Every structure is written in structure tokens, then in C-alpha cells.
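Residue numbers (my numbering), protein chains in the order written: chain L, 11 to 228; chain B, 11 to 228; chain W, 12 to 249; chain D, 12 to 249.
The hints are simulated quantities; they were obtained by calculation from the structure and are not laboratory data.
Here the structure is a predicted model, which is why all the values come from computation and not from measurement.
Note that beta-carbon positions come from the ideal geometry of N, C-alpha and C, so glycine has one too.
Some clues are possibly wrong.
To be verified - Quick list of in silico lysine-lysine cross-link-like pairs, PhoX-like style, CA-CA up to 20 Å:
| hint | chain 1 | residue 1 | chain 2 | residue 2 |
| --- | --- | --- | --- | --- |
| 1 | B | K169 | B | K22 |
| 2 | L | K206 | L | K226 |
| 3 | B | K112 | B | K155 |
| 4 | D | K145 | B | K183 |
| 5 | L | K166 | L | K137 |
| 6 | W | K145 | L | K183 |
Unchecked claim - Going by beta-carbon spacing under 10 Å, a handful of chain D positions derived as facing chain W:
| hint | residue |
| --- | --- |
| 7 | A126 |
| 8 | G127 |
| 9 | I128 |
| 10 | P134 |
| 11 | F150 |
| 12 | N182 |
| 13 | K183 |
| 14 | D211 |
| 15 | D213 |
| 16 | P214 |
To be verified - Between beta-carbon pairs, the in silico distance windows are:
| hint | chain 1 | residue 1 | chain 2 | residue 2 | range |
| --- | --- | --- | --- | --- | --- |
| 17 | L | D35 | D | G55 | 30 to 40 Å |
| 18 | D | P247 | L | D35 | 34 to 44 Å |
| 19 | D | Y159 | B | G184 | 23 to 33 Å |
| 20 | B | P170 | D | E142 | 23 to 33 Å |
| 21 | D | Y159 | L | G36 | 30 to 40 Å |
| 22 | L | Y52 | D | N151 | 45 to 55 Å |
| 23 | L | G36 | B | G56 | 51 to 61 Å |
| 24 | B | G71 | D | N231 | 25 to 35 Å |
| 25 | L | K166 | W | S103 | 16 to 26 Å |
| 26 | B | G184 | D | E106 | 50 to 60 Å |
| 27 | D | G55 | B | R174 | 51 to 61 Å |
| 28 | L | R174 | D | K145 | 39 to 49 Å |
| 29 | B | P210 | D | T93 | 49 to 59 Å |
| 30 | W | E108 | D | E146 | 46 to 56 Å |
If you want the building blocks of each chain, they are given just below.
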Amino acid sequence: MALENNKQEWTKGEMAQNVALDIPDGSYVNLGIGMPEMVADYVPEGREVIYHTENGLLGMGPEPEQGKEDPELINAGKKYVTAITGACYFHHADSFTMIRGKHIDFCVLGAYQVSEQGDLANWTLGKPGAVPAVGGAMDLVAGVKNIFVITRHTTKQGKPKIVRDCQLPLTGKGVVKRIYTDLAILDVTQQGLMVKEMAPGISFEALQNKTDAQLKMP
Amino acid sequence: MALENNKQEWTKGEMAQNVALDIPDGSYVNLGIGMPEMVADYVPEGREVIYHTENGLLGMGPEPEQGKEDPELINAGKKYVTAITGACYFHHADSFTMIRGKHIDFCVLGAYQVSEQGDLANWTLGKPGAVPAVGGAMDLVAGVKNIFVITRHTTKQGKPKIVRDCQLPLTGKGVVKRIYTDLAILDVTQQGLMVKEMAPGISFEALQNKTDAQLKMP
Amino acid sequence: MINKLVPSLSEAVKDVKDGSVVMLSGFGQAGSPIELIHALIDQGASDLTVVSNNTGSGHVGLASLIEHRRVKKMICSFPRTTHSTVFPELYSNGEIELELVPQGTLAERIRAGGAGIPAFYTPASVDTPLEEGKERRTFNGRSYVLEYGIEADFSFVKCEGADRYGNLVYNKTARNFGPIMCTAAENTVVQTKKMVDLGDLDPEAVVTPGIFVNRIVEINQPLDESQLIAENWRYPWH
Amino acid sequence: MINKLVPSLSEAVKDVKDGSVVMLSGFGQAGSPIELIHALIDQGASDLTVVSNNTGSGHVGLASLIEHRRVKKMICSFPRTTHSTVFPELYSNGEIELELVPQGTLAERIRAGGAGIPAFYTPASVDTPLEEGKERRTFNGRSYVLEYGIEADFSFVKCEGADRYGNLVYNKTARNFGPIMCTAAENTVVQTKKMVDLGDLDPEAVVTPGIFVNRIVEINQPLDESQLIAENWRYPWH
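Let the sequences and hints guide you as you build the complete structure.
Now the structure itself:
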């Protein structure tokens with residue numbers, strides 16, 4: 011959508027880049043399925059970041075070339091991946107030792123809703139009859155040092171995803187540290203949701219209008 | 011000591027052999043420090059028995075030749091050992107997964123005292139000021155499928171080691187399945203201590219006289 | 012002499028009983044013991060409780076086992092994937108039970124079952140709907156829930172190489188739940204791509220020590236699940 | 012760029028503080044990071060709580076650290092060995108605290124500390140004097156005690172090979188407590204016999220993934236503790 015002054019909201023690539031810029035050299039990072047995976051494409055020159063995938067690989071590399079896919083080398087989203095030089099494999103209990111034991115520095119996840127207290131809802135819409143599936147999400151939010159969320163600021167129907175209180179079933183309470191949307195970067199603080207940065211051309215008022223939670227300028 | 015009819019009690023070697031005969035082909039076995047270690051010398055022809063040492067080796071072999079000792083290849087008693095073909099190494103948590111998780115078939119331990127209920131005291135004399143040391147004994151008796159004790163029937167002072175109730179601090183309660191002494195082989199059963207076999211030439215009365223616990227003939 | 016190799020798949024799975032708890036290795040297709048699962052379908056045991064991260068795809072492997080109505084209950088973390096239709100349909104109709112477990116909790120419960128740990132505390136699922144019915148406890152000011160070890164009657168596991176003692180190595184991310192499931196079952200049944208001579212596996216690089224393995228069957232060229240699904244195969248084949 | 016190699020022992024141990032909790036790998040001599048321990052003696056931190064299976068032998072390594080009165084408390088399973096005199100003497104005089112832990116419980120508490128598990132139940136020590144002060148609970152008719160995870164400020168670990176990411180391999184039974192201690196400390200400091208190039212370690216055979224390691228120092232020819240003891244050496248050397 012076009013914003014004021016004919017400026018645009020951040021593209022998906024820019025959102026992913028915003029996240030990538032905040033991940034320091036030498037970090038161990040777990041990327042959720044979907045938009046979070048794009049973060050790996052924007053690691054700034056000179057930084058070495060190691061990707062963990064909970065199905066047993068530390069040192070996940072990019073997609074393989076066509077024809078070089080190995081059905082026994084996949085990521086948590088069950089996509090074909092590669093392994094970098096210096097990678098290693100391990101079993102699931104060891105993999106979640108890394109997660110639950112606070113060894114992973116950053117996890118980037120998608121969200122259905124995030125609350126101003128950092129509550130996250132991202133595993134089920136809770137519709138009756140639908141098959142619930144949680145995967146590793148609850149372990150990740152409970153164990154990774156920094157939980158970053160990357161998400162559109164509103165749903166396709168224009169409803170706010172950054173809310174006062176999550177209506178959807180929670181993945182974890184008070185777990186999100188920072189939110190990267192197409193409109194802003196928001197920090198979850200004890201004082202509430204602080205606007206760290208806004209997409210070029212958007213005003214605080216316009217941002218607040220698209221947000222159910224109360225925003226604050228630092 | 012000489013018994014009736016000029017017969018002798020079982021030698022240490024015979025005691026170890028008595029144990030070895032009761033360990034079937036294909037068993038996984040942990041041997042305690044001291045006399046239990048001798049059991050490995052008496053495995054009958056045609057049986058393959060795999061020895062576990064809790065410091066991280068499955069497939070422990072005999073002592074190395076002189077001059078071939080490796081300070082990084084030792085057993086739980088910190089003696090130099092070898093590894094058989096087909097052995098493998100693992101860390102301590104995995105090693106005690108084998109023990110605690112009931113994967114080891116037999117453990118042969120020494121004893122200060124064993125009670126008629128199968129209580130075992132073998133880790134400390136409980137003397138004031140002495141340094142207590144437990145090692146893996148309590149895990150072994152809690153987790154190995156069959157706990158065998160190999161011990162002299164009486165102390166050097168002639169006091170019974172097979173007792174009604176242990177006076178010494180316990181390693182575990184109701185854990186011993188069978189006791190191999192120089193005078194007899196005793197089964198711990200719900201009906202009490204059953205004499206399975208006696209050393210040649212000893213009478214039940216003589217055996218009972220050297221035993222504090224009540225013995226029964228099956 | 013110890014030799015855990017058995018001559019056939021049917022021999023390997025012969026004593027699974029109605030009502031058995033069966034763990035199946037694999038994360039999606041990777042590491043899924045598809046030949047053992049098909050042998051289990053042929054064997055006929057039903058009312059099974061199956062522990063596996065997913066619920067299978069298409070109409071082969073675990074999905075086929077479920078489709079044959081052999082599974083009473085699934086214990087898993089992620090019961091739907093791109094090509095899974097069998098489980099969702101039965102679940103929506105209330106024809107199969109589901110115990111949904113966070114993936115790390117599932118892994119730890121299996122490890123605990125194998126390690127003689129009856130129960131442990133974990134922070135995962137606290138303050139979520141999956142906390143329901145669990146005991147909560149605070150340690151050092153943080154909340155945790157009590158979770159129980161899982162033990163199985165059988166584990167079916169796929170690996171890359173095995174020797175006659177049952178020492179195993181795996182391939183890449185097909186390792187996943189295999190090593191912990193090997194520890195947690197009364198009977199661990201393994202399908203290996205190759206049998207190797209004793210001594211061929213580096214003692215420093217063995218992933219599953221033989222003590223955790225009961226039977227091995229050699230399947231040199233296991234089926235490729237995604238290919239079967241793409242070609243619309245169903246087990247039994249038609 | 013990630014490069015965990017540090018140039019010196021003193022650099023590796025520089026920030027241990029008075030009162031730190033320090034885990035030391037090793038089972039007897041095998042796997043004991045003797046050079047790191049000597050560097051810690053030189054560094055000077057005191058009032059340490061040390062977690063290690065034993066209490067050292069002779070007057071080198073851990074025994075020397077204790078002899079220098081740097082250790083307030085030992086958490087271990089077996090505080091005496093053939094040549095240990097330092098710890099027993101201080102202990103008899105009430106000059107050092109001892110928390111005696113069954114070996115499997117010690118290993119599991121360290122693993123739990125590293126795995127984010129605050130507490131678990133185990134059957135070891137039930138109905139013995141070491142159950143004293145522990146919470147008992149029954150699961151499926153059997154009694155267990157509650158045990159707590161241990162986390163350390165530092166782990167000092169000896170290994171065989173390492174790369175700049177911190178991936179480690181070990182040698183034979185010198186592996187013992189190393190891999191779990193690597194997971195349980197805020198700072199894991201490793202002495203390796205050799206540094207290897209990235210990619211030289213088989214990804215299937217890495218024992219400690221680099222994520223658990225903070226600093227590495229290369230000690231090509233570590234001291235042989237039993238030889239030092241036989242020759243009556245004391246650290247610092249005299």
C-alpha cells in the first residue's frame with residue numbers, strides 16, 4: 011500500500027534486511043518457516059552467522075542447486091537445504107538442548123498476533139475441528155535468548171496484528187523482544203511497545219491507527 | 011579355610027566362574043571394581059558378552075600388554091583397559107542412560123553387607139571423618155536389570171556379611187537378585203534367601219552358622 | 012554370538028501386538044522407516060499408539076498405517092504437512108486420538124523414557140493452551156510444567172549403517188528422533204541401508220551404541236516417499 | 012568471522028571470579044584439563060565451587076587447586092582415589108565442603124543444566140543416606156527423588172580436536188563429562204590437542220557442536236598427570 015508522501019511501506023526483503031542488520035557477527039540463529047527464512051539472504055558482508063534447524067543441523071546453508079537435492083538434508087520446514095563447511099548433525103534431544111538451554115542467540119518467527127507485553131500467538135487459529143500443530147514453536151520461545159517477530163503489521167483484511175491482548179491461543183507469554191513489520195520496528199519494553207524505527211513516510215499517528223496496542227515514542 | 015570332609019570353599023576364581031556361568035550369551039554386563047572384574051576371565055567358550063564401563067565405553071576388552079597402556083583408555087576403577095572390535099565411546103549422560111534406563115542386563119558388585127531382603131551396603135563404612143565416595147554404585151543398583159553380588163561369606167574377622175538387616179549405610183534397598191560367596195550361591199526371593207548351591211563339602215548347618223540371615227533350602 | 016540381523020521385514024516386526032506403543036523415527040520423510048511401517052501394515056496389529064513427530068503424507072508409510080485404521084492414538088508435535096490428508100480427515104471425524112506435544116518436549120520425553128527418568132520439568136507450553144492438565148511448578152522464580160517420560164513397546168528406526176552388535180550411524184538430518192527412540196523401547200527394530208563388518212564403524216563416531224538395538228533388517232534401497240506421493244501410490248501397492 | 016581460538020591459557024581463564032562455579036571435565040586423569048587448571052591457579056580466583064567427578068591426585072591439577080585453598084566446595088561423586096591426599100585432609104579438618112552426588116545423577120544434573128531442565132526425578136539414592144533432604148515422589152508405584160540441574164559460570168574441558176567454530180571431538184574414555192559440561196556453562200573454555208581446519212571434522216562425527224564452546228586454547232602436548240605424580244611434582248613447579 012502507498013503511505014503518506016507517496017512513500018512505500020517496507021518490502022518483505024527490506025523487512026528481512028532490517029532483521030538481518032540487528033543480528034551480530036558470530037550469532038547462532040534459528041529461523042522460523044516462511045518469511046523468517048528470508049533473513050538469511052541479507053546477512054551483511056563480513057558477518058558470519060550460523061543457522062540452526064531444529065531437526066538436527068547446525069550450519070544450515072542455502073537451497074541446493076536443482077538436481078542436487080538430498081531428501082535426507084532438509085530444514086524444519088521440510089525444504090531441501092545444504093550444510094556449510096563446519097556444520098554438524100545431531101539428534102532431536104541434543105537439538106532442543108540447544109534451544110531450551112538458551113544456547114541459540116536469536117530466533118526469528120512469524121506471528122498471527124503479538125501483544126504489547128510480548129505475548130505471541132503463532133501456532134494455531136484455534137478453529138474448531140482444525141488440526142492443531144505446534145512443532146518446536148513453544149520450545150523456541152521458551153528457550154532462545156532473543157525472540158524477534160517478523161510480520162505484516164495488519165492481516166490481509168486490515169485488522170491489527172499488534173494488539174493489546176492476544177485473542178488467539180498463545181505460543182508463549184512475554185517472550186517477544188522486538189517486532190519487525192512492514193511499517194515499523196517495535197521494541198517490547200517494560201514501559202510498553204516502543205517505536206524504534208518507522209518505514210519512511212509513515213507518521214506516528216498513521217502507525218498507531220493501524221495498531222491495536224498502545225505505541226510509545228522513546 | 012578348610013571345610014568338613016577336607017573339602018575347600020570356592021576359590022576367588024571359582025566364585026568368579028560361578029557368576030560367569032550364569033551370564034547368558036549376548037548379555038551386556040557392568041563389572042564393579044575388584045573381585046567382580048575377575049568374572050570377565052571365565053566367560054564360557056562360545057558366549058559373547060559385552061562389558062560396559064560407566065566412564066564411557068561399551069565393549070571393554072582385557073588389560074593392555076605392558077607398554078601399550080593408554081592413559082585415555084581406562085575403566086571405572088581407573089585401570090588401563092582395551093576396547094574390543096565393535097566397541098564404542100560415549101559421554102557420561104549417555105552412559106548412565108544405559109544404566110538407569112535398564113539397558114544393562116547384569117551388574118556384578120562387591121558388598122560390605124547384603125540383607126535377606128536384597129538390601130545392599132557397599133559404598134561406605136560410614137566412619138566419622140572418613141571421606142565418603144559413592145561413584146556409580148547407586149545408579150547401578152537402581153537401574154541394571156539383574157544385580158549380582160560377589161563377596162566372601164564373612165569378613166576377615168569372621169563376621170557374617172549376609173545379614174538380617176544391613177547395619178551399614180545402604181547403596182540400595184531390595185536390589186540384589188543373587189549372591190555368590192565362597193561358600194554358597196544364594197537367591198533373594200520373596201520367600202527369603204534360598205540356597206541355590208553350596209560349595210562342595212559344606213553342610214546347610216555350617217552355612218547357616220556363618221550367616222546372620224535366615225537361609226532356606228528350596 | 013551376537014548377531015542382531017534378522018532375515019526379513021516380517022521377522023523384524025512379527026511380535027507387535029494389538030495395543031502396542033510404537034515409536035517411529037523420522038521428521039517428515041527423512042529418517043522414516045517406511046519398509047518397517049509397511050511390514051507392520053501387513054503384520055496386522057491394531058489399536059496402536061504411535062509416537063512420531065508427524066502423521067505421514069499421501070497414502071504410504073505412516074499415513075497408510077493410519078488409513079488402515081491401525082492407529083488408535085497419535086502422540087506427535089506436528090500432525091499436518093503439505094501432503095497429509097489421512098490424519099486430518101480421521102481427526103476431524105473424531106476417529107483418531109491426538110496428544111499434541113511441543114517438539115522439544117516430545118524429544119525430551121522420549122529421551123527420559125530411555126534414560127530411566129520418569130518425569131522432568133520444562134518451560135515449554137507454560138501459559139499456553141497446551142499447559143492444560145499439567146502440573147506447574149516454580150524454580151528460581153520461573154514457571155515450568157511437569158512432563159513424563161515415554162516408553163514404547165517397539166521403536167522402528169531407519170539408519171544408514173549398522174554392524175551385527177547393533178551399533179548405528181545415520182545420514183544427515185535423517186538422524187533426528189532415531190537415536191533417542193532406540194533408547195526408549197523394549198524392542199528396537201532398525202532398518203539399515205547397509206550392514207557393515209564389526210570394526211568398520213569408528214568407535215568415536217557410533218551414534219547409537221548397540222546396547223539399544225534388538226533387531227536389524229537390511230534394506231539397501233529404501234523407497235523414496237516423496238516420489239511415491241508424487242506418483243500417487245498407495246500401500247499396499249495399487 | 013567466528014574464531015574461538017585464543018592465544019594463551021591466561022587469556023582463556025582471565026575472567027573467572029571469586030565465587031565462580033567451575034566445572035572440570037575428566038574422570039581421574041582421563042580428560043582432565045590440567046593446563047587450564049594450572050592457569051586458573053595462576054589467575055588467582057578463589058572461593059570456587061568446583062563440579063568434577065573426582066578431587067584430583069598428588070599435588071598437580073585439581074588437587075593443587077584445592078591445596079591452594081581456592082575451592083570452597085566440591086560437587087562430585089568420588090572424592091578419593093589412589094593418590095588423593097589433599098582433599099581428604101582438608102575434608103577431615105572441615106576446611107572444604109563436599110556435596111556427594113551419585114555419578115549418574117551428577118551427569119544427569121549437568122546435562123539438565125545445559126538443556127534448560129530445572130529439575131527431574133531419578134531412582135538413584137532412594138532409601139539411602141544420600142536421599143536425605145531430597146523430595147521423594149512415586150511414579151507408577153516406584154519411588155524417585157527430585158534432583159536439580161546444575162549450571163556453571165565456567166566449564167574447563169579437554170578434548171582431542173577442535174575447529175574455529177568450536178566443534179569438538181574427544182579421545183576414547185577421555186570424553187566422559189566433557190560434552191555435557193560444555194553445554195552447562197555460561198563460558199565453556201576448551202583445551203584441545205590440535206586445532207584443525209574448518210571442514211576437517213566429519214559433520215556426522217562431531218561430538219560437541221560449536222554452539223556450546225566459547226574459547227579454545229591449543230595445548231599440543233598436555234602433561235601426563237600420572238607421570239607427574241609418580242615423579243612427585245607439585246604445581247607451581249618445584
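Verification of the supplied hints:
{"no.": "1", "hint": "B/K169 with B/K22", "verdict": "19 Å, holds"}
{"no.": "2", "hint": "L/K206 with L/K226", "verdict": "9 Å, holds"}
{"no.": "3", "hint": "B/K112 with B/K155", "verdict": "6 Å, holds"}
{"no.": "4", "hint": "D/K145 with B/K183", "verdict": "17 Å, holds"}
{"no.": "5", "hint": "L/K166 with L/K137", "verdict": "18 Å, holds"}
{"no.": "6", "hint": "W/K145 with L/K183", "verdict": "17 Å, holds"}
{"no.": "7", "hint": "A126", "verdict": "7 Å, holds"}
{"no.": "8", "hint": "G127", "verdict": "7 Å, holds"}
{"no.": "9", "hint": "I128", "verdict": "5 Å, holds"}
{"no.": "10", "hint": "P134", "verdict": "7 Å, holds"}
{"no.": "11", "hint": "F150", "verdict": "4 Å, holds"}
{"no.": "12", "hint": "N182", "verdict": "8 Å, holds"}
{"no.": "13", "hint": "K183", "verdict": "8 Å, holds"}
{"no.": "14", "hint": "D211", "verdict": "14 Å, violated"}
{"no.": "15", "hint": "D213", "verdict": "7 Å, holds"}
{"no.": "16", "hint": "P214", "verdict": "8 Å, holds"}
{"no.": "17", "hint": "L/D35 with D/G55: 30 to 40 Å", "verdict": "32 Å, holds"}
{"no.": "18", "hint": "D/P247 with L/D35: 34 to 44 Å", "verdict": "38 Å, holds"}
{"no.": "19", "hint": "D/Y159 with B/G184: 23 to 33 Å", "verdict": "27 Å, holds"}
{"no.": "20", "hint": "B/P170 with D/E142: 23 to 33 Å", "verdict": "26 Å, holds"}
{"no.": "21", "hint": "D/Y159 with L/G36: 30 to 40 Å", "verdict": "31 Å, holds"}
{"no.": "22", "hint": "L/Y52 with D/N151: 45 to 55 Å", "verdict": "52 Å, holds"}
{"no.": "23", "hint": "L/G36 with B/G56: 51 to 61 Å", "verdict": "57 Å, holds"}
{"no.": "24", "hint": "B/G71 with D/N231: 25 to 35 Å", "verdict": "29 Å, holds"}
{"no.": "25", "hint": "L/K166 with W/S103: 16 to 26 Å", "verdict": "25 Å, holds"}
{"no.": "26", "hint": "B/G184 with D/E106: 50 to 60 Å", "verdict": "38 Å, violated"}
{"no.": "27", "hint": "D/G55 with B/R174: 51 to 61 Å", "verdict": "55 Å, holds"}
{"no.": "28", "hint": "L/R174 with D/K145: 39 to 49 Å", "verdict": "45 Å, holds"}
{"no.": "29", "hint": "B/P210 with D/T93: 49 to 59 Å", "verdict": "37 Å, violated"}
{"no.": "30", "hint": "W/E108 with D/E146: 46 to 56 Å", "verdict": "33 Å, violated"}
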